[in-house]
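Asker: The chain contents come next:
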Amino acid sequence: NAGVTQTPKFQVLKTGQSMTLQCAQDMNHEYMSWYRQDPGMGLRLIHYSVGAGITDQGEVPNGYNVSRSTTEDFPLRLLSAAPSQTSVYFCASSPVRSDEQYFGPGTRLTVT
Amino acid sequence: AQSVSQHNHHVILSEAASLELGCNYSYGGTVNLFWYVQYPGQHLQLLLKYFSGDPLVKGIKGFEAEFIKSKFSFNLRKPSVQWSDTAEYFCAVTKGGKLIFGQGTELSVKP
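These protein sequence lines map, in sequence, to chains A and W. The opening position of the first sequence corresponds to residue 1 in the working numbering, with each subsequent residue numbered one higher. The opening position of the second sequence corresponds to residue 1001 in the working numbering, with each subsequent residue numbered one higher.
Covered stretches of chain A (in silico footprint by chain W; criterion: 3 or more residues with CB under 8 Å from a CB of chain W, positions within the stretch not fixed):
no., stretch
1, 36-42
2, 46-58
3, 93-100
4, 103-111
Subject to a maximum C-alpha distance of 20 Å in a straight line, what follows is the list of computed SDA-like cross-link-like pairs (lysine to any residue):
no., chain 1, residue 1, chain 2, residue 2
5, W, LYS1098, A, ARG97
6, W, LYS1098, A, HIS29
7, W, LYS1098, A, GLY51
8, W, LYS1095, A, GLU59
9, W, LYS1098, W, SER1073
10, W, LYS1098, A, ALA52
11, W, LYS1098, A, GLY53
In case anyone wonders, no lab produced these hints; they're calculated from the structure. Since the model is a prediction, treat every value here as computed from it, not as a measurement. Ideal placement from N, C-alpha and C gives every residue a C-beta, glycine not left out.
Next up, chain W with everything else stripped away, as it sits in the complex (with noise of 0.2 Å):
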């Protein structure tokens, strides 16, 4: 079945690690990738997204993300992560005009 996969259910760092996240999707063709995030207790917001052009994306409070065609990923990285990125990050692809999600990755980040 067609699908959004990440690879990480739970990533445990301590503040100034590096971080990335896997995603990887299952789609053909042409496709809108997102990352969202969900702080605890909070709605999920956009992060970034990727429509088309430059393939490395650059989000708010210093994420970005890479968009690789050939191995169907979009991967989330950030160079020194801080407590407040404690939240469960999600990635999501657009195809046909429905928005698919994966499975969500909790991030926990140790002061």
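Next comes chain A alone, as it looks inside the complex (with noise of 0.2 Å):
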């Protein structure tokens, strides 16, 4: 199993940009989720989804809408990049909602 990826590792972006990370996973999991990491600040839910066709909001979705058409996908898409959205981004997924989460590798993200 190659477990949680995404897609791409690094991206810089013009403000006004738009673009998606991609995050896939294979263990068959309903629950995913997406992070973004800031220093000093841990890790902070975007948006969850307890399934297919199924998403809601987290901590900080101001900015990013998701989509969950397979169990397997849950990309992230920011309409129009803004450099406070500078950050590191972690997908993640888990069998239940409140069980272990497996992180993916992570995608760096710098709008300028």
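With the hints as a guide, bring the two chains together.
Answerer: In structure tokens form, the structure reads like this:
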């Protein structure tokens, strides 16, 4: 199993550009989530999904959209990037909502 | 606001020293508790977790944590650290299906 995979590993955007961060898992996990990691702030939950077709907001959802059309994939969209979205983004999955989450390798995003 | 607090932002120890990292949470009722570790340049990995039962939980690499319900605490301990334990450590709590992290503690172990 590849586990949780994320692409790209690094990305530089200009303010106002849009992009999609990809996340996929091959463990048939129902629960998937997106976090951003910023120095001194730990990881903050952006959006999560409890199954295909179901998504909900986390702590810091503004500026991000998600969809979950399949169990495997959970892309994160930035519609109009802002410098405040410069961060490292982690995708995670879990067999159930309250259990251990398995994290991907992260995407380092810089918005100039 | 409800939260997860880690008291130490950066801890520096010499090899063989004992480690204790504090974690407190402010959620009432039933919670699931986790410690994750992030080695330099790597993604987060689970060290240990507590759902119920014995409040002293043993994890990988000689780490353990004690859940004290009355203090809303879940402190991480290791009797003797190694240089390879240099990493960032995150306490996390699951409440209402959401995993909420503390701010993280950076541990530097000097050889």
